[in-house]
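**Student:** Listed here are the chains, written in short residue letters.
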Amino acid sequence: MNEERRRVFISGNEATAEGGIAGGCRHFFGYPITPQNKIPEYMAEHLPPIGGVYLQAESEVAAINMVYGASSAGARVMTTSSSPGIALMQEGLSYMLGSELPAVIVNMVRGGPGLGNVAVAQSDYWLSTRGAGHGDGRCITLTPYSVQELHNFTAGAFEIADRYQNIVMVLGDAILATMMEPCELIPRREMEPPGRPYAVGPHEAGERERNIVNSLWVDFDAMEAVNIRNEERYARAAAEITDWEEFGSDDPQVLLCAYGISARLCEGAVMRAEEAGVRLRLLRPKTVFPFPTVPIREWSERVDAMLVVELSMGQFVEDVRLAVEGRCPVDLLSRAGGNMPTVSEVLAKVREVAAKAGVAV
Amino acid sequence: MQAAHGRGPAVATGIKRVHPDSVVFTYQGDGDLASIGMAEIVHAASRGENFTVIFINNAVFGMTQGQMAPTTLIGQKTTTSPRGRTAAEAGWPIRICELLDTLEGPAYIAREALTTPPRIRSAKKSIRRAFEAQLAGEGFGIVELLSTCPTWWGMDPLEAIRHIDDTMVEHYPLRVFRDRPAAHDRPAGQQEEAGSDA
Amino acid sequence: MIAMPKAKVDAERCRQCMLCVEFCPRGVLVVSDQTNSRGFYPVVMRDEEKCTGCGICALVCPSVCIEVYR
Amino acid sequence: MREELFMAGLGGQGVNLAGQLVGRAGMDAGLNVSWFPIYSPEVRGGSSTCTIVLSDGRVGSPTSEHPSSMVLMDTSSAECFAGNLAEGGLLIVNSSLIRHVPVSEGCRLIEIPANQIAAEIGNDRTVNMALIGAWAAGTGALTVDDVARSLREMLPERHHVHMPDNQLALERGAQIAREAD
Numbered sequence: 004m005n006e007e008r009r010r011v012f013i014s015g016n017e018a019t020a021e022g023g024i025a026g027g028c029r030h031f032f033g034y035p036i037t038p039q040n041k042i043p044e045y046m047a048e049h050l051p052p053i054g055g056v057y058l059q060a061e062s063e064v065a066a067i068n069m070v071y072g073a074s075s076a077g078a079r080v081m082t083t084s085s086s087p088g089i090a091l092m093q094e095g096l097s098y099m100l101g102s103e104l105p106a107v108i109v110n111m112v113r114g115g116p117g118l119g120n121v122a123v124a125q126s127d128y129w130l131s132t133r134g135a136g137h138g139d140g141r142c143i144t145l146t147p148y149s150v151q152e153l154h155n156f157t158a159g160a161f162e163i164a165d166r167y168q169n170i171v172m173v174l175g176d177a178i179l180a181t182m183m184e185p186c187e188l189i190p191r192r193e194m195e196p197p198g199r200p201y202a203v204g205p206h207e208a209g210e211r212e213r214n215i216v217n218s219l220w221v222d223f224d225a226m227e228a229v230n231i232r233n234e235e236r237y238a239r240a241a242a243e244i245t246d247w248e249e250f251g252s253d254d255p256q257v258l259l260c261a262y263g264i265s266a267r268l269c270e271g272a273v274m275r276a277e278e279a280g281v282r283l284r285l286l287r288p289k290t291v292f293p294f295p296t297v298p299i300r301e302w303s304e305r306v307d308a309m310l311v312v313e314l315s316m317g318q319f320v321e322d323v324r325l326a327v328e329g330r331c332p333v334d335l336l337s338r339a340g341g342n343m344p345t346v347s348e349v350l351a352k353v354r355e356v357a358a359k360a361g362v363a364v
Numbered sequence: 033m034q035a036a037h038g039r040g041p042a043v044a045t046g047i048k049r050v051h052p053d054s055v056v057f058t059y060q061g062d063g064d065l066a067s068i069g070m071a072e073i074v075h076a077a078s079r080g081e082n083f084t085v086i087f088i089n090n091a092v093f094g095m096t097q098g099q100m101a102p103t104t105l106i107g108q109k110t111t112t113s114p115r116g117r118t119a120a121e122a123g124w125p126i127r128i129c130e131l132l133d134t135l136e137g138p139a140y141i142a143r144e145a146l147t148t149p150p151r152i153r154s155a156k157k158s159i160r161r162a163f164e165a166q167l168a169g170e171g172f173g174i175v176e177l178l179s180t181c182p183t184w185w186g187m188d189p190l191e192a193i194r195h196i197d198d199t200m201v202e203h204y205p206l207r208v209f210r211d212r213p214a215a216h217d218r219p220a221g222q223q224e225e226a227g228s229d230a
Numbered sequence: 444m445i446a447m448p449k450a451k452v453d454a455e456r457c458r459q460c461m462l463c464v465e466f467c468p469r470g471v472l473v474v475s476d477q478t479n480s481r482g483f484y485p486v487v488m489r490d491e492e493k494c495t496g497c498g499i500c501a502l503v504c505p506s507v508c509i510e511v512y513r
Numbered sequence: 003m004r005e006e007l008f009m010a011g012l013g014g015q016g017v018n019l020a021g022q023l024v025g026r027a028g029m030d031a032g033l034n035v036s037w038f039p040i041y042s043p044e045v046r047g048g049s050s051t052c053t054i055v056l057s058d059g060r061v062g063s064p065t066s067e068h069p070s071s072m073v074l075m076d077t078s079s080a081e082c083f084a085g086n087l088a089e090g091g092l093l094i095v096n097s098s099l100i101r102h103v104p105v106s107e108g109c110r111l112i113e114i115p116a117n118q119i120a121a122e123i124g125n126d127r128t129v130n131m132a133l134i135g136a137w138a139a140g141t142g143a144l145t146v147d148d149v150a151r152s153l154r155e156m157l158p159e160r161h162h163v164h165m166p167d168n169q170l171a172l173e174r175g176a177q178i179a180r181e182a183d
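Chains as they are written, first to last, in our numbering: chain A, 4 to 364; chain B, 33 to 230; chain C, 444 to 513; chain D, 3 to 183.
Check the hints yourself; a few may be wrong.
[Unchecked claim] Just the calculated beta-carbon pair ranges, DEER-fashion:
hint, chain 1, residue 1, chain 2, residue 2, range
1, C, R456, B, P205, 29 to 35 Å
2, A, A351, D, R154, 42 to 48 Å
3, D, N86, A, L118, 26 to 32 Å
4, B, E121, A, R10, 29 to 35 Å
5, D, M156, A, E243, 56 to 62 Å
6, B, E136, C, V473, 38 to 44 Å
Hints were generated in silico from the structure; no laboratory data involved. Source: prediction; values computed, not measured. No residue lacks a Cβ here, since even glycine has one placed at the ideal position from N, Cα and C.
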């Protein structure tokens, strides 16, 4: 695409909102919660002048059900929230997964459980990749690590949601939401409606069968069929959209695994790898569901040890261990509640992990 | 005891049903009580739960940086109604006291304003009365307090007080809506506290 | 404890909203020329003899940082 | 090239705006940058800090353990944060409010009477600009012209009337920094 892209210095929240608009979102339903308030505020400012709809719901429960309605009516629709609000949305998420409907949800994760605090955390990893409400459905989960990626991933999420008829969760955090960085904006343009043959809405008599959006399947086989279709979607997504980036030594002794803001800390550690005296490489997933199992498995046969860094008490590390299947030691450095390890602490842990694995330093 | 946003009346119900002799109250803002917690407040009031609700109405979500609330006035600019609230987009501001006054459950319902010394004294009196209703086992009491948010209204504190007296009370009239049994028959927002030195 | 009524402002907690200055019937409160550690110019008593200890300043103070002795 | 700047002051002193200006000016100068704030929960009053990373390579971590430069605007910030400065780093303090600050050996200290400069200019809101001018001249990471140009871009048109005051404050700060070296 040969369009000129404007480079601006903006916050992650603003980049996310503008990403939504660039991705074709014209309907936004939300409810205030820190640290993502700049997103609904941006939408309230920018959507009505371009013919879009911004509506502040009375709660997150209402917001996600407005999303459910708008999606079933054929719209590219989005909501954003932060951890406690996403927890409230789980009913709606589950209904949408059961009804096989697309939507884009952004979660700027904050400390928890409970009301927690408004500081950085990554403790909604399970909520997003496993537990989007009851039942078997799962959210395709993207993990940006910069303001630019928040913008690009949010914009691209609508396409992915429609392709797999599934919810796409963009998993940010309180730092990515509030920090500012340069960002090249994807131009807004008029977009065709996504053309969902299953959507409800007005149509000429005889034009098509009437559509029913539903997640109630009393018949066992019909209910199972929904789950099988979803599993097929996830298998296709694993083959088609699994994404990650690697950075550092081509012949690493220790592989760092981290996503989102933790990957930024690890990138800092790789830049100072000589201080640890270890050859170091970072593998950072850009998608965590589907998960980059294959590259992690491949590295597990070549490195002496892996170190996972996450701002939760050991959620993401489970997926890494499932990919490694015991081929190499996998250690964990975790902080929670708004605390983050420093780059020096990451490097100290790398030294420790390397020594344990018998790496000559 | 900290409850989730909007769930205060449900949590208070749980506490009061375990400890009926304890004094229980909730302290809720307008976003909390009139938006996400609308179901909880209506049902607690309808059940006539024997606790007291202090309801702070400043017509804005203050803690999350000034978004539109259900009580935001028509035309009022907030961070999520940047061109001013319109009824067409966001509906009309909700009058909680009037709404709860349609229910049989409540014993005491009043709206006061925290603006001038006489009005603040009147508010204290209403709060006292609501707690007395609880102590006497008369049931649910709520006092709505119109209060300022200078930061998100973009006013200095004095302008904000004037804004309540000049504008907000027009939509939210100061009144004792319900006092059962009507022990103290008086209009809100006017009467001096007995024995006051002012 | 002194016999004379007086209002005492906790300068550290004062946020210079000026409501007490506005409502004081005797006009005995003014803004200090020194900031507190949070960068506000707190209210101080100018004319202690004129204070009647009526308590209006404490009543209107949103920061609850005025105590009245009488 | 990599510069990690940490700024701290009271809410209302313009810490974040000045930090965003440095980030924006870094971007305009072709660098990779990040600006990362920590607010205290209170809107009025309370401390306010931010970290700006400028780099011609990857930014990596947007936070900094030992910033290579610091701008501290009030007493409590000086007490809390001055000790975190990197070895050989540059410390710029608002000497109108900060009377004493301990400086580690090998670090440079530049004292800018920023409130006084702003008072002389007759514009209270230029305190942060005097300090940023000193930072630019003291580190050489950006020029004062870079910063002024980006400030003009950042400010809404209706605030352009304040540009001469801001420019003057930037230059006064820079001048004191140059003389200190």
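**Student:** If a hint holds in the structure, say so; if it does not, say that too.
**Tutor:** Here is how each hint holds up against the structure:
1. R456(C) - P205(B): 29 to 35 Å: Given about 34 Å between the Cβ atoms, the range holds.
2. A351(A) - R154(D): 42 to 48 Å: 45 Å, holds
3. N86(D) - L118(A): 26 to 32 Å: 30 Å, holds
4. E121(B) - R10(A): 29 to 35 Å: Holds - the Cβ-Cβ distance for E121(B) and R10(A), about 33 Å, lies within 29 to 35 Å.
5. M156(D) - E243(A): 56 to 62 Å: 41 Å, violated
6. E136(B) - V473(C): 38 to 44 Å: 53 Å, violated
Of the numbered hints stated above, those contradicted by the structure are hints 5 and 6, listed in ascending order.
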